[in-house]
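So the protein sequences, as listed, match chains A and B.
Numbering of the first sequence is given in our numbering, commencing with residue 108 and proceeding in unit increments.
Numbering of the second sequence is given in our numbering, commencing with residue 7 and proceeding in unit increments.
To be clear, the hints were calculated from the coordinates, so they are not data collected in a lab.
Quick caveat, the model's predicted, so the values are computed rather than measured.
Ideal Cβ placement from N, Cα and C applies to all residues, glycine included.
Check the hints yourself; a few may be wrong.
Claimed, not checked - Straight-line Cα separation of at most 30 Å, DSBU-like style, residue types lysine-lysine; simulated pairs:
id: 1; chain 1: A; residue 1: 239; chain 2: B; residue 2: 167
id: 2; chain 1: A; residue 1: 144; chain 2: B; residue 2: 259
id: 3; chain 1: B; residue 1: 226; chain 2: A; residue 2: 262
id: 4; chain 1: A; residue 1: 262; chain 2: B; residue 2: 54
id: 5; chain 1: B; residue 1: 173; chain 2: A; residue 2: 179
id: 6; chain 1: B; residue 1: 167; chain 2: A; residue 2: 220
To be verified - Incomplete in silico selection of chain A near chain B, CB under 7 Å:
id: 7; residue: 119
id: 8; residue: 122
id: 9; residue: 166
id: 10; residue: 188
id: 11; residue: 190
id: 12; residue: 192
id: 13; residue: 195
id: 14; residue: 196
id: 15; residue: 200
id: 16; residue: 210
id: 17; residue: 213
id: 18; residue: 243
Stated by the list, open to error - A short list of chain A residues far from chain B (calculated; beta carbon distances all over 12 Å):
id: 19; residue: 137
id: 20; residue: 293
id: 21; residue: 294
id: 22; residue: 330
id: 23; residue: 348
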Amino acid sequence: MNTLQIPRNHVSIRGLYKSFATTPLYEDFNLNILKGKIVSIFGPNGCGKSTLINMISGITEIDAGEILFDGKTLKQTTIGYVFQNYRDALFPWMSSWENIAYPLRRANLSEEKVKSRVEELFELFDIRFNLKLYPYELSGGQQQTVSIMRALAPKPEVLFLDEPFSALDFEMTLFIREKLQEVNLVSGITMMIVSHDLEDAVFLADQILLLTRRPTRIAALLDFDLAKPRLAEAISDPQFIAMKSQALEIFQREMRAGNGM
Amino acid sequence: MSFSVKHRLLPFIGPVMLYLFWNLVLTAKWIQPNLLPPPDVTIMYMLKSFASGAIFQDLWTTVLRTIYAFLIAAGIGVPLGVLLGSSVQTYRSVEFLIDFFRSTPSSALIPLFMLIFGISDINKIAIAAFAAILVIMFNCAYGVMNAKKTRLMAAKTMGIKKFYIFKDILIMESLPQTFVGLRTGVSIALVIVIVAEMFIGSENGLGHRIIDAQQVFNIKEMYSSILVTGALGYSLNIIFMLIEKNVIHWSGKS
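Isolated chain B (complex conformation):
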């Protein structure tokens, strides 16, 4: 009994320690108080911004941009990934490009995208989608390529037609890896949306809110917006993990 209670309290130790450390840094005067507000003040400020509704517009804008970018990325990345994965030769011929751009920080491409799309909402979504497409496509292609050969052979010996082997077996086999790509993809999309909101003349979004607060030295606003951004990223991850656990119930078990 006491063991299981202790066990359940374990995840809270980290946050409590951060809270104490944050306080300690301030009371010991390691950091000037005008650069870092106390944790309780920051959290209260954040709660107030929710209570008054002040943050909703920015939060919603960022969420929408991330979702659009993600949907575009998934819509292009998954079919392309399946296509590439089912032909090893095709994959090998574009492998370098995928790996190169996957390794290029997408933020480095922001100026290029500004040239193409201008300083618009579409620009932010386009670059976030571009960044997410590569990781989704890559994971999806690997999922298809690494499908268990035994399962494909099993279907073949049953006399299943090629189209159904593809649809029933290959696609299902690739799903666990594809989901890893989708989960990573949505995180990347959020990162790029926030960066784009900061630096591509934006009038809304959490990124804009953070940099705006910094410019006018409203540090309570800045820290509370950073916390909200973190919470958003964390929630997206949790949502995807829950979907994954239910849809891809066999992942890691077979």
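Isolated chain A, as found in the complex:
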């Protein structure tokens, strides 16, 4: 359905500068992210993949440049962020239910609306465990599910995910991939996923953003239009394999280029 519409810009990054201890990480970096697309970010270690989404989401301050969401500033935009370390991201003094409800309650929604929104997410994620439990009483995969639900609760325009699968077992990875894909198709929410696993990066992506070693530039922004929803079997689809090897080739080229420095 989405392919019929002309995709428009959602996140636009203009003239971004960022340095750490006088070493430049990003210099005059420009990027457009299309609305409703899932963009995977992949690149060598230390190239600042997480830093990139942290700057866009306002966690890390930028030195110079402009980041706009549909022309709005970050303050005017609702975003969601899913951390790699769900254990440190959830609030252990609240039950899982209260964790999900927290951003809604602080946005002054009525208790009825809070309830119905959590209920909606409960249905969407097909939850089979008790949300009254505290996060530390849940398995890792359940905790990450709760933290994704919490990030989605206020209906963000953009969802940032920082290596969301890296601490999960394969079964949980498959489940969360499927749910994220469903959320994206149903709500058209733009997603930016940082990944250190090429298969994860390609699987959900409409676009794969490959970064170079620092100072970080865009090595390539690959379009990947394998039909959606993609099932787990998609990983053996010729188109999938072709995309993976193309990305790998660019990645390795960048690694070699980096070694020459």
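Fit chain B to the known structure of chain A by using the hints.
Using the frame of chain A, we list chain B on its own:
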């Protein structure tokens, strides 16, 4: 079954061994009997002092002083700790003072406090509170400073206002460490109250009772009062651990 019974009996081994050793020391005449009464006699004496009510006034006075000192310390130490912890620069600028006085045995300051407050009830409470404030403030500040950055960032990305990040996240994050400070603080307050009752012309309290018994060589009274003091400290610790387990249920699990 027999394993679990054995398991449950384990905590009693220590006290029973102490009891046997105490008896052994006396029967083997390693210590003169006029310096140490037998354990059963001491325990009976202690029970009698409860039955007759003789110990209640001293016990209650010590408990009250400890509670007052603790409440004052918590009332000042927690807000100050939160304040210091939320500004690393402020904390660094007074870190030396806190560490210095935290390392100074508070009993060394008793003469100074006598100059300020005289030989009064307030003096005992003031010095105990002073000793407890530092440890409470220090732990509370550390709890705030060591709040998990990820949780604060998570709240920030939700667009939560600074005041609510402080109230909902930072304060909650600091609670486990703050409770460590409160528990240590009440123990320190008890120690200083007992010392102050011994040496700052006191007419009541367990400390006074112990030193009084020693002066007139009433050793049964002395040992039984020492046991009561120990039991009081132990009970305070247990009460705090129970509160901690219920209020800070996530402590150590997340």
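Now the hints, each set against the structure:
As the CA atoms of residue 239 of chain A and residue 167 of chain B are separated by approximately 26 Å, the hinted pair is consistent with the 30 Å bound. Between residue 144 of chain A and residue 259 of chain B the alpha-carbon distance is near 37 Å, which puts this suggested pair outside the 30 Å criterion. Between residue 226 of chain B and residue 262 of chain A the alpha-carbon distance is near 73 Å, which puts this suggested pair outside the 30 Å criterion. Of the supplied pair hints, the one linking residue 262 of chain A and residue 54 of chain B is violated, its CA atoms being roughly 69 Å apart against a limit of 30 Å.
With a CA separation close to 29 Å, the supplied pair residue 173 of chain B and residue 179 of chain A stays within the 30 Å bound. With a C-alpha separation of about 21 Å, the suggested pair residue 167 of chain B and residue 220 of chain A falls inside the 30 Å cut-off, and the hint holds. This hint is violated: residue 119 of chain A has a C-beta 19 Å from the nearest C-beta of chain B, more than the 7 Å allowed. Hint status for residue 122 of chain A relative to chain B: violated, with the closest Cβ pair at about 24 Å, above 7 Å.
Restraint check, residue 166 of chain A versus chain B: the minimum CB separation of about 5 Å is within 7 Å; hint holds. Given hint, residue 188 of chain A at the interface with chain B, holds; its Cβ is 4 Å from that chain's nearest Cβ, closer than 7 Å. Against a cut-off of 7 Å between C-beta atoms, the interface hint on residue 190 of chain A holds, since the closest Cβ of chain B lies about 6 Å away. This hint holds: residue 192 of chain A has a C-beta 6 Å from the nearest C-beta of chain B, less than the 7 Å allowed.
With a cut of 7 Å, the hint placing residue 195 of chain A at the interface with chain B holds, because the nearest CB-to-CB distance is about 4 Å. About 5 Å separates the beta-carbon of residue 196 of chain A from the nearest beta-carbon of chain B, less than 7 Å, and the hint is met. Given hint, residue 200 of chain A at the interface with chain B, holds; its Cβ is 5 Å from that chain's nearest Cβ, closer than 7 Å. Because the closest C-beta pair between residue 210 of chain A and chain B is about 4 Å apart, less than 7 Å, the hint holds.
For residue 213 of chain A, the shortest C-beta to C-beta distance to chain B is roughly 5 Å, which falls under 7 Å, so the interface hint holds. Evaluation of the residue 243 of chain A hint against chain B yields a held restraint, the C-beta minimum of about 4 Å falling below 7 Å. With a least CB separation of 23 Å from chain B, residue 137 of chain A remains clear of the 12 Å interface cut-off, as annotated. No Cβ of chain B approaches the Cβ of residue 293 of chain A within 12 Å, the least distance being about 22 Å, so the stated non-interface status holds.
No Cβ of chain B approaches the Cβ of residue 294 of chain A within 12 Å, the least distance being about 18 Å, so the stated non-interface status holds. Its beta-carbon lying about 28 Å from the closest one in chain B, residue 330 of chain A satisfies the requirement of being farther than 12 Å from that chain. Even its closest Cβ contact with chain B, about 35 Å, leaves residue 348 of chain A beyond 12 Å, as expected for a residue assigned away from the interface.
When the structure is compared with the earlier hints, violations turn up for hints 2, 3, 4, 7 and 8 and for no others.
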